[in-house]
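There are 2 protein chains.
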Amino acid sequence: MKLNPSKIVDCTIRDGGLVNNWDFSVEFVQDLYKGLNEAGIEYMEIGYKNSPKLLKGAEAAGPWRFLDDDFLRTVIPQKGTTKLSALVDIGRVAEEDILPREESMLDLIRVACYIKDVDKALQLVQTFHDRGYETTINIMALSNVMENELLEAFELINESVVDVVYIVDSYGSLDYKDMLYLVDKFKTNLPNKRLGVHTHNNMQMAFSNTLVAAEHGVELLDASVYGMGRAAGNCPTELLVTHLKNTKYTLRPVLEIIDKHMIPLREKEEWGYIIPYMITGSLDEHPRSAMALRASDDKDNSVDFYDKLTTPEVSFDSSKGTK
Amino acid sequence: MKLNPSKIVDCTIRDGGLVNNWDFSVEFVQDLYKGLNEAGIEYMEIGYKNSPKLLKGAEAAGPWRFLDDDFLRTVIPQKGTTKLSALVDIGRVAEEDILPREESMLDLIRVACYIKDVDKALQLVQTFHDRGYETTINIMALSNVMENELLEAFELINESVVDVVYIVDSYGSLDYKDMLYLVDKFKTNLPNKRLGVHTHNNMQMAFSNTLVAAEHGVELLDASVYGMGRAAGNCPTELLVTHLKNTKYTLRPVLEIIDKHMIPLREKEEWGYIIPYMITGSLDEHPRSAMALRASDDKDNSVDFYDKLTTPEVSFDSSKGTK
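Protein chains in written order, with the working numbering: chain E, 79 to 401; chain L, 79 to 401.
Worth flagging that the hints you see were computed from the coordinates, not collected in a lab.
Everything numeric in this text was worked out from a predicted model, so none of it was measured.
From the three backbone atoms N, C-alpha and C, an ideal C-beta is built for every residue, glycine too.
There may be inaccurate statements among the hints.
What the hints assert, rightly or not - EDC-like cross-link-like pairs, simulated, lysine to aspartate or glutamate; straight-line CA separation at most 20 Å:
#, chain 1, residue 1, chain 2, residue 2
1, E, LYS323, L, GLU293
2, L, LYS346, E, GLU293
3, E, LYS255, L, ASP208
4, L, LYS255, E, GLU120
5, E, LYS271, E, GLU120
6, L, LYS326, L, GLU347
7, E, LYS255, L, ASP253
8, E, LYS255, L, ASP262
Unchecked claim - Derived CB-CB ranges, DEER-like:
#, chain 1, residue 1, chain 2, residue 2, range
9, L, ALA172, E, ALA370, 30 to 36 Å
10, L, ARG151, E, THR328, 33 to 39 Å
11, E, PRO342, L, ALA172, 31 to 37 Å
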């Protein structure tokens with residue numbers, strides 16, 4: 079029996095940090111790393127490798143926002159089989175902070191970008207690749223990208239050294255047919271690249287879309303324990319672990335993390351299927367307007383929120399930022 | 079442009095009643111009926127048409143457990159375009175309580191049964207059909223049915239007058255490939271019957287599986303507002319309303335119901351993606367053991383629960399009842 083080629087990239091700390099401003103204790107992260115190892119998960123994305131000097135308000139965030147190798151070594155004195163990953167954003171990473179891989183705790187560096195910055199992202203990828211890291215490029219907000227732009231990006235990607243190219247459903251607006259369409263498009267146009275998928279759960283389709291992608295040859299599957307991630311959250315790690323066939327994953331260590339850490343955390347912090355996030359997902363837009371609503375006193379007034387988003391002549395500040 | 083043939087059967091009161099023992103106020107049900115009409119939803123399943131004299135402990139349940147036509151007329155003095163449906167269970171319905179359709183508030187009567195009772199279910203269907211109702215047969219727990227039993231049942235169904243045959247994912251254990259398999263099986267073997275689908279959300283696949291079924295010709299789609307239903311709940315009505323293409327549905331009236339009734343109700347009652355229900359779903363079994371756990375003081379101890387369900391030699395009473 080052929081082993082399932084899927085590899086899970088657990089993003090609990092990185093994407094979940096967008097919920098609690100990376101306020102995870104060292105014990106939390108250590109327990110998570112231990113559990114993911116025991117569960118057989120291939121990658122743990124332990125945070126962002128952005129530089130605090132390139133980001134406003136950096137001092138308020140937890141250490142997982144700006145990973146430092148010396149700090150990481152104290153957190154994880156002994157690495158297991160689960161590799162460590164970090165995400166960087168274009169324009170927020172100081173290249174001089176990136177050690178050669180053999181001196182670093184990190185194995186994989188992923189570059190997130192919008193379609194217009196694919197060229198810049200690939201320059202960063204080249205740098206990380208030259209320093210020995212595995213690399214991915216994660217093109218966000220694909221549901222808002224026109225075909226001609228995507229095809230141009232594919233040309234650049236095909237000429238690059240990047241290992242894995244991600245299909246990212248930033249707004250949680252894709253259904254299985256959209257996912258099948260994108261997987262086919264990426265496979266056809268990037269015949270020599272491996273693929274990854276990152277979903278959001280606004281419409282309760284994060285897990286099912288990830289399954290569809292895996293079934294059609296997408297190899298790296300982003301997930302987070304109990305779905306913790308910005309706004310509606312991500313594909314739940316526990317569902318992939320329990321449902322994917324012909325894998326070596328075990329569910330029990332993930333349940334231990336959920337019982338000990340995620341259930342109490344969910345009492346304090348909010349993510350998941352929440353109606354304003356469903357609305358932004360169904361309208362195929364960024365959740366920032368819904369996040370603003372959820373932080374307000376009017377958080378359960380989804381009718382007014384829906385009216386504002388769907389009435390063209392109404393100006394609704396928090397929904398109008400850059401994408 | 080061809081209008082989408084899908085028809086939504088909103089089961090909030092009937093399946094949601096399994097959560098709160100049908101303790102919905104008349105105002106709640108009236109608001110729901112008004113909202114479903116405004117949203118363009120075709121059917122509202124307003125409860126069970128079982129007979130209290132055939133069921134123990136009946137006196138404790140709300141009136142939607144044992145629908146009475148005189149009572150229904152006071153609740154809905156003026157019917158809109160949304161038809162009314164009731165579910166009956168084998169052996170719990172007194173045929174003498176069923177009025178001819180022209181004297182009744184109900185339009186559709188659905189018979190739920192396990193595979194071994196398909197013959198009895200079809201006898202009931204014949205009675206309701208003769209009294210003028212639209213009818214469905216809902217074969218529960220299909221994921222636990224062997225092929226030969228199913229094919230025998232199809233023969234009986236093909237000889238019957240039943241209008242619609244349901245694919246029911248009682249345990250929330252099916253993924254999109256299972257759903258495609260069942261839809262194909264039902265279509266091939268029941269060429270002259272219309273199909274319906276009823277899903278549960280244990281693995282966060284209720285909505286996506288319903289979409290897959292709809293896309294492949296299944297016409298009646300069960301759902302409930304905010305997903306309210308036993309244990310992990312159902313496919314959320316709001317997601318079908320907003321996502322199905324070429325329909326006349328409008329989301330706003332469903333949001334009004336959610337804001338006014340479902341958000342406060344969810345504070346008091348529990349349903350949805352909850353880890354013990356995920357576990358029973360992934361193990362393809364009835365959620366009753368998880369429901370017992372959630373009613374206990376140990377409700378968030380999913381590791382012990384998982385150990386009990388997956389250790390063959392451990393006897394675990396609440397998981398051993400009849401299916």
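For each hint, the structure was consulted:
1. E:LYS323 <-> L:GLU293: Answer violated: LYS323 of chain E to GLU293 of chain L is near 25 Å, above 20 Å.
2. L:LYS346 <-> E:GLU293: violated, 39 Å
3. E:LYS255 <-> L:ASP208: violated, 42 Å
4. L:LYS255 <-> E:GLU120: The given pair, whose Cα atoms are some 25 Å apart, is violated under the 20 Å limit.
5. E:LYS271 <-> E:GLU120: holds, 19 Å
6. L:LYS326 <-> L:GLU347: violated, 32 Å
7. E:LYS255 <-> L:ASP253: holds, 15 Å
8. E:LYS255 <-> L:ASP262: holds, 18 Å
9. L:ALA172 <-> E:ALA370: 30 to 36 Å: violated, 55 Å
10. L:ARG151 <-> E:THR328: 33 to 39 Å: Between ARG151 of chain L and THR328 of chain E, where Cβ atoms are some 56 Å apart, the hint is violated.
11. E:PRO342 <-> L:ALA172: 31 to 37 Å: At roughly 49 Å between Cβ atoms, ALA172 of chain L and PRO342 of chain E fall outside 31 to 37 Å, so the hint is violated.
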